[in-house]
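S.K.: We have chain A already, so just place chains B and C on it with the hints.
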Amino acid sequence: MSSKSTLRVPAWIARKDFSEYLRDGRLHWAGGLVLILLLTALAVGWQNQRAISGERAVAQKLDYSDWVSQNTRHPHDAAHQGMHVFKPEPPLSVIDPGITPYVGSTLWLQAHRQSEVKFRPAQDATGLQRLGQLSAAWVLQVLGPLLIIVLGFNAFAGERELGTLRQTLSLGITQRQLLWGKALGLLACLAVLLLPAGIAALVASLWGLTSELQMDTTLRLLGLGLGYGVYLLIAIFVVLAVSAWAKTSRVALVVLLGMWIVGTLMVPRAASDLARTLNPSPSRLEFASKMNADLHTHYQQAWKDNFGVDKRWGSDLPLNKWGVALQVDDHAGYSVTDKHFGDLWHAFEHQQRSQEWAGLVVPILALRSFSMGIAGTDFANHRDFSVAAEQHRRLMQDLMSADLVKNADSLDNKHFAYQADPKLWATVPRFGYQLPGVAAAFQNNLLSLLVLLAVLTISVLLARAACARRLL
Amino acid sequence: MLSAQNVTKTFGETQALNAVSLTVMPGDIYCLLGANGAGKTTLINVFLNFLQPTTGTAQVNGRDVTAEPLQTKRDLAYIPEQVMLYGVLSGLENLDYFAALATGQKQPGVTLLRLLADVGLDETAAMRRVATYSKGMRQKVGIAIAMAKEAKALLLDEPTSGLDPSAANEFSQLLKKASQNGVAVLTTTHDLFHAKQTATRIGIMKRGQLVAELSSADITHSDLEALYLQHMRA
Amino acid sequence: MRDANNSWQLFCTVFKHEGRVLLADRTLWLVASLLLALLCYALFNGLAHTQARADVASVVLKKQADQQVKNLDLLNRMMAGKATPEPFANPADPASIGSGMGARYAVLPATALAPVAVGQSDMFSHYYQVTYRSKLNFMYDSEIENPWNLLSGHFDLTFVMVYLLPLLIFAVSYNLLSAEREQGTLRMLLSQPLGLRLLVLAKLAVRAFAVIGLATLVPVLVLLVIRPETREASALALLILWALLAGIYGLFWLALAAAINALGRSSAANALMLIGSWVVLVLVMPVLLNLVVGQISPAPSRTELATRTRLITIDGLNRYNKLLSTDYRYTDKPEILLPKDGKIEVPPRRKGAYLLQRDVDNEITPVLDQFDRQLAGQQALVERFGFVSPAITAHEGMAALAGNGSRRYMQFQTQVGAFHTQWKQYFEPRMMADTAIVPADFDRMPRFTWHETPKAEVRSDAGLRAMQLLLLTLALGGFTAWRLRRYPVV
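Protein chains in written order, with this note's numbering: chain A, 99 to 570; chain B, 12 to 245; chain C, 1086 to 1575.
Keep in mind that the hints were calculated from the coordinates and are not lab data.
This structure is a prediction, so every number in the text was calculated from the model and none was measured.
Take the hints with a grain of salt, since some may be wrong.
No farther apart than 25 Å at their CA atoms in a straight line, the calculated lysine-lysine pairs in the PhoX-like style are these [unchecked claim]:
#: 1; chain 1: A; residue 1: K521; chain 2: C; residue 2: K1407
#: 2; chain 1: A; residue 1: K504; chain 2: C; residue 2: K1155
#: 3; chain 1: A; residue 1: K409; chain 2: C; residue 2: K1436
#: 4; chain 1: C; residue 1: K1148; chain 2: A; residue 2: K388
#: 5; chain 1: C; residue 1: K1436; chain 2: A; residue 2: K419
#: 6; chain 1: C; residue 1: K1101; chain 2: A; residue 2: K409
#: 7; chain 1: C; residue 1: K1155; chain 2: A; residue 2: K388
#: 8; chain 1: C; residue 1: K1155; chain 2: A; residue 2: K409
#: 9; chain 1: B; residue 1: K117; chain 2: C; residue 2: K1101
#: 10; chain 1: A; residue 1: K402; chain 2: C; residue 2: K1418
#: 11; chain 1: C; residue 1: K1148; chain 2: A; residue 2: K409
#: 12; chain 1: C; residue 1: K1436; chain 2: C; residue 2: K1425
#: 13; chain 1: A; residue 1: K388; chain 2: C; residue 2: K1147
#: 14; chain 1: C; residue 1: K1418; chain 2: A; residue 2: K419
#: 15; chain 1: C; residue 1: K1167; chain 2: A; residue 2: K409
#: 16; chain 1: C; residue 1: K1407; chain 2: A; residue 2: K419
So here's chain A without its partners, still in its complex pose (with noise of 0.2 Å):
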């Protein structure tokens, strides 16, 4: 057979196969009900997405603002009041909003401590929230594969009850070819409803964007695609595989829905409680207590040999050494808090990471990681951000000190008294935070989409060992 005809018949098949399945109404019902929620995931994701991203530009400038127009205090006070940096929504955020739900968005740069992120959006949702948000990515992760299992699951094995399988094969289509087809045809009903939804897509992560900022979310829409892309072809040979091996299409029917159940929505959870149970994270208590009791080895050392003192904040600390007391304080502690979140963020990231190797047996596990990482809304990026605003609560501190060692050190007991002159305040940079760019976002993310072609890989080996073998 020429190539010409290698191609012409799996198209021929596929049509066949896509008119049948807008004829019998299931493209219609269950494809309807997908695009519908696609759409409105899509349109309730950037009208989020639009009134978070102004707020939060406005309050961030306000902030600022509001900083640099203090009227003249002690600077130490200042450093109590401290400003809010707020973090940027990353525009694909319409498409994943991953742990955005989970995790806060407001950190309170202040004086002595590192502080968290607070306002989990989650915590002002009612409990419904946990079973679910809507979006675009949990659209196409979870119910994706339950279209294509209602397209496909009767593909080879309903063809082989009525007789059709045999009378095809016998006019010299091979099994390649009739594999090839029918995986077209499934592919092309996906078109047809994700077609319209990612330009819907398109529009609403570009709009009102700079234009660089349109081209590393051009990408990341592009590795999104690829991501989901392959995630959805699995699927699809998955099925076929199923399909043209079982005997019967009720047979093919349950085992999918089987699979499907145990793949989407058992194993997450079990691997989520597995990877608590074997990395557990710690209580606040714990984790608190062991950086306090670390804090403080710190600091008795550093107070001992900076100031020959046993306490900390003792009353054999002369307030004209404030000043440098401040700094000293800061800076033993950093090192220990780096550490400990540190170590608490990196058994986080093991934690997912171990899950994306599971994404092997389960890719969703692989492709929801993917998706958030390319996105801009996992972990990796808000670990990034909460680095970054430590820094410049750092860098605030370390100014406000400094002033306090040259101005109010000298004034011995009256350190206190000490106002600073408004000019200081303008010293202290705007916190100025860029998201990620994409070329990291791939970087970071390699494992999970190697998994995920892996496992395609493997998929279309067995969609095709079961069409040599089993078709008849």
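M.R.: Using the frame of chain A, we list chains B and C on its own:
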């Protein structure tokens, strides 16, 4: 006694039964002949209240089947063309179940085994799972169920189709015995030979209508065949 | 009477036969063992989670007790002249005791049925360290949990009952009638004096008994054995209510399977329709309702809250500048750290800091109340419209019975808020009047006592939900009975 009075059944545009009237008296074996789609099975389904007649009534022992479905079913025994049973259970267990449903109480095992022996299924066969049975064996269980019921009317749909001649003969003997006991038997068939052999009355159906009705004794085998073909061609 | 007796006989015959067939064809064994495995795993998770929480609570309370002993000891030694305190850790100074040094913990105990649902317990904290500083400082810390895990959800008993039980019920009932018809046995059955509705009822009864019976009994037994708190009378009542709620929820899905069978389609079509209903009712509806409720009653902006807080803080800093610019005197005069005649010099800076925090609290409370009202509003909407999906009704009901629903956590926060006010009311006059803390005060300081939600309220809530589900089930049953009249036997 079975009686159909002007029974008509329409499915949309098609008239499956057109003003069919017949009566089967106790002791009669009434055989309905006709091609596929003539309406024979439809009439049986009407008697069983599986289909409701569009007009007309079907009665069992004077009771309307649509008005008193449960009571009429007590007086009726039915053996379909394909006796389908529960494959995971044995022949005896199937009989136990259907007999209990038929009579309203559980029959003792001895009785059931005797019934099965009467129809030609020995104890070993009776204990095997029905999934291993041939069509003939399943039909025997069907007959046993009907006999357990001791009903006064018997409906049979193509009972001899797929049976070899000796099995078909056995079957005819059973029918004759039943009719001797005063049971009214209505059966449908393609088999002209056995119709003439077994039946007391014969009816010919074509396209939902009862086109001929005669007594079996009044006609010979060859005449019956000629009459049948004449109606089919017309 | 004879008819009733007859019907009962027939019912029992069909019941026994159905049981035999289901056991023989292994479906029931498979489903039952799967269900058992899932229930055990889920209960294990729930019990482990509850135990971990209880462990943390006991550590917290022990820490509080130990700290109090230390404080008392130091104070006694100071009074005896044997020790000198640190300026910022001085047990005689109300400014120290009222904040970190002497802070009291408010703990929310787990209820007897807590292992049943994790609910919101991984999101909201069940203990707070209450000081006289602003609520904002301690109310919004939550337990440390990997956000990925929060996103994934828990494999708890409620998950198994709400999501997976319906699927197991489908597995045994999707071809309730259609299999009989496709096999050909339906004709055999209905040619006997057996009503179709009686047949269906008996078939349903076997499945209800086997699957739903197992699903409700096993958790009850396991909890009664492993968790002694459930044996107490009021907890037992809640446990029974849980079983009722779960049982009726299961019956709803069984009734749905019957209704779909009554439509007379093929087994494969039934399976697809049932899965479709499950996707819509269990997966999609809760998500959609969450969305709608969020749109109708959106959360006020936390960004706005941050902005307001900052503005109020700036005001406060300006207002109390004089106090805040007063220097500490303990470096020159270390003796001021000791109480004298029941009085102690509370440093003006600390007074200023306290007043600042108090004013922030006063100003910010209306804003925070708005958040609480909004959340209560959302909760009310969910309760009103939860009927669109039995999964929502069951899920919320089970979380409430476990004491891990949003409402109980909101109540805890309200009670902690009230305790916080009490705490401030104790320390403010002492700080402003420079009154020293004496050893006897430690027993008189406010303690947090948790006032549990009245059991009657929880019972009536659960009862109402069970009624809701029952009505839906009966409606489906009525539809099924009606539709079976036209069931195509041939």
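S.K.: None of the hints should be skipped; say for each whether it holds.
M.R.: Status of the hints after comparison with the structure:
Only pairs whose Cα atoms come within 25 Å are accepted, and K521(A) paired with K1407(C) is accepted, the gap being roughly 21 Å. In summary, the hint linking K504(A) to K1155(C) is not supported, as the alpha carbons are separated by about 39 Å, beyond the 25 Å threshold. Distance check on the hinted pair: K409(A) and K1436(C) sit about 23 Å apart at the alpha-carbon level, within 25 Å; holds. Proposed proximity of K1148(C) and K388(A) is supported: the alpha carbons are some 14 Å apart, at most 25 Å.
A C-alpha spacing of about 23 Å is found between K1436(C) and K419(A), which places the hinted pair at or below 25 Å, so the restraint holds. The suggested pairing of K1101(C) with K409(A) is violated, with an alpha-carbon distance near 81 Å, which exceeds 25 Å. As the CA atoms of K1155(C) and K388(A) are separated by approximately 19 Å, the hinted pair is consistent with the 25 Å bound. Pair hint K1155(C) plus K409(A) holds up; C-alpha atoms about 18 Å apart against a cutoff of 25 Å.
Restraint check for K117(B) and K1101(C): satisfied, since their Cα atoms lie roughly 12 Å apart, inside the 25 Å limit. Among the hinted pairs, K402(A) with K1418(C) is consistent with the structure: their alpha-carbon atoms are about 23 Å apart, no more than 25 Å. A threshold of 25 Å between alpha carbons decides the hint, and for K1148(C) with K409(A) the separation of about 22 Å falls inside it, so the pair holds. For the proposed pair K1436(C) and K1425(C), the alpha carbon gap of about 19 Å is at most 25 Å, so the pair holds.
Only pairs whose Cα atoms come within 25 Å are accepted, and K388(A) paired with K1147(C) is accepted, the gap being roughly 16 Å. For the hint linking K1418(C) to K419(A), the alpha-carbon distance of about 17 Å falls within 25 Å, and the restraint holds. For the hint pairing K1167(C) with K409(A), the CA-to-CA distance comes to about 18 Å; that is within 25 Å, so the pair holds. Simply put, K1407(C) and K419(A) have alpha-carbon atoms about 22 Å apart, close enough for the 25 Å limit, and the pair holds.
Consistency note: the structure conflicts with the earlier hints numbered 2 and 6.
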